[in-house]
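J.: The chain contents come next:
Protein chains: 2
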Amino acid sequence: MANFAIMGFGTVGSGVAEVLRMNGASIAEKLGERLTLKYILDVRDLSASPYASLVVKDFALLESDPELDVVVESIGGAKVAYEFTRRALLAGKHVVTSNKELVAAHGRELLEIARDKNVNYLFEASVGGGIPVLRPLFQCLAGNQIQEIAGILNGTTNYILTRMVEGGVPFDEALREAQEKGYAEANPAADIEGLDAGRKICILSDLAWGGEVRPEAISVRGISGLSLEDVDVARTLGCRIKLLGRALRLEDGRTAAYVAPHLVPESSPLSGVDGVFNAVMIRGNAVGDVMLYGRGAGDLPTASAVMGDVLDALAHREKRRSLGWSRDAVLADLESELPMRWYIRGEGPARITGAMTAREARALAGQAAALLPVLE
Amino acid sequence: MANFAIMGFGTVGSGVAEVLRMNGASIAEKLGERLTLKYILDVRDLSASPYASLVVKDFALLESDPELDVVVESIGGAKVAYEFTRRALLAGKHVVTSNKELVAAHGRELLEIARDKNVNYLFEASVGGGIPVLRPLFQCLAGNQIQEIAGILNGTTNYILTRMVEGGVPFDEALREAQEKGYAEANPAADIEGLDAGRKICILSDLAWGGEVRPEAISVRGISGLSLEDVDVARTLGCRIKLLGRALRLEDGRTAAYVAPHLVPESSPLSGVDGVFNAVMIRGNAVGDVMLYGRGAGDLPTASAVMGDVLDALAHREKRRSLGWSRDAVLADLESELPMRWYIRGEGPARITGAMTAREARALAGQAAALLPVLE
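So the protein sequences, as listed, match chains Z and C. If you're matching positions, the first sequence starts at 1 in my numbering and goes up one per residue. If you're matching positions, the second sequence starts at 1 in my numbering and goes up one per residue.
These are calculated hints, taken from the structure and not from any lab test. Wrong hints could be hidden among the right ones.
It does not matter which identical chain is meant; a pair holds if it fits inside one copy or across any two.
Taking lysine to any residue pairs in the SDA-like style, the calculated list, with each CA pair at most 25 Å apart, reads [stated by the list, open to error]:
#, residue 1, residue 2
1, 30, 285
2, 79, 265
3, 181, 170
4, 79, 324
Next up, chain Z with everything else stripped away, as it sits in the complex (with noise of 0.2 Å):
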């Protein structure tokens, strides 16, 4: 028998708990042993939920027992979750988490305290909801030298633009429906900001390259500036406007990372997800574009992925998934040394520039009212 533990019971943490309870058999089948989860940890009142047994508020109680073999994280944030995190992977825990902001700000310091415990620390779930991203790029494509990532990373933000494209619906109001929907938080700065996208981008980054890009450092551009006129001009143009995470590696080895809303051509496939879905496309040298798609966010989708990595860790108990970052990435200056193409829109019709770089566009824009750069 195996057991687990859930931290932080919210949206995915309960989720975690709704697929062991649907799938609980076929996963027995699976993994050749029970799946037993055995705490609940969190602060709240969990009196009335019908796992209330199973809930405690002291981690002291998952760190120190012996029969526990895995920890889900699902706490959110980047203290308390990254304290309980070090502590369990110290005890010799398997930890699997959602949680994109530490991971982003912390997985190389975790990934090593793993390495040190031989135990796994896995985060399929941080990046893409439910959708295999993190493991088909670092196992199935192993043989690539990665030389590009773009993804929809965020499904606010895509459910918004979507909005604006299909409905005709300007920003603000997109937004408010967003909300109404449950898609956009109270606060949805760090989704329309691109903060969220940027920290994806960012472990994308980590596992392609194995240097560690810091969230902070990359250029992150959100939608709230984009209007609808850009919106209906990029149509005429063949074109889709998406909030796009980047990722290259330029011939030298250094790492490009940013975040902005692109020109996305019709005939990439990336053009036509839309709504709350994401998806990932990976240029490798050998296999081409391969793109992944699914549902980026929600209880279900996420738990899925998160029970993909219990699977995954507790078929990895004796020899840990060799994963990780262990250097700095040294980045590129996004302003000089990375040309593409520009959508300007200012006095007189919207174009599409020929490669130059982003200082050469600004330049050549001036005062226009929109520059965005246009994905290859």
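The hints should help you fit chain C onto chain Z, whose structure is shown.
T.: Frame of chain Z; chain C shown alone:
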């Protein structure tokens, strides 16, 4: 140092050697040791090849070399490939393949031998070429009960259909184009008549539900009977025609699997998968719909998947991947048990019916010129 051999130095085999040449340094970094190509087994005259010094004609050399860790089988077919795979596994070698014919026909037995000998038999490249499909299915989505799989699994037929749709080119001419471009073989029957897609949907079904589906036991219908008229009419109904392999799990645990051209609504991301690209949609009861997209064939994409498996086999040298199917699937009767909507074109305007079985649809259609299922 890890050593591997390539059996069969055709398109895939030489692609694997090329991927090692291109990416040997990054592969060694990920693996933590150097990966060396030690033998190429091929009966052809390869004396002019840059790999001539590695070429051997006698399989017994591989079988008896205690320093050989992994064998890549890219011979194709189910005769010599079967014999050499069996013997390699029995000799304690890990075997990696792209050979869908062999996996679909003898995978169950070969996986049992692999289990007995504690080695890996891996075949990610057998479905979807370079696209990560099998590992996401059995690993990342292991927390789900898989409900349905639907895939564009054959690049040749998808190229032909795309030319018919986009270019208004009749079937025969599109086939000739595909042959000229090297996408279709001189004898294209296995592709055109759906046999190749049939093998692949069987492998997906085997892995998803653990029960073996024999390729000869499923209904397979190809694209040779499709007319340009249906392609055009489908568009006016908001659909594209795609050749899909489809597998479902019924509520009672039985399996339905088949291959047929479908009308795919434009709202489905499968409808936009064009040319030689493949895509597989997997529906899980927690994750919802996930789609995996990329190049389904070609030397380097397929070699990318093979190399990913080689590295995974080496990472699981002591503790093999738990993977396989060990019972017969119980198949539902497609004719009478699987209600779906149907496209009927006969006298009067073409239309899409409500949900009904194939038998009911056939009775309703009578002498109609076309009767095709519609993907939900």
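J.: Now tell me, hint by hint, if it's right for this structure.
T.: Outcome of the hint check:
When the C-alpha separation of residue 30 and residue 285 is checked against a cutoff of 25 Å, the pair qualifies only between copies, where the shortest distance is 16 Å, while the shortest distance within a copy is 34 Å. Proximity of residue 79 and residue 265 under a CA criterion of 25 Å is satisfied in neither setting, with 41 Å inside one chain copy and 46 Å between copies. Taking CA atoms no more than 25 Å apart as the test, residue 181 paired with residue 170 passes inside one copy only; the shortest distance there is 17 Å, against 47 Å between copies. With identical chains, the CA atoms of residue 79 and residue 324 are at most 25 Å apart within one copy only, with a shortest distance of 21 Å there and 42 Å across copies.
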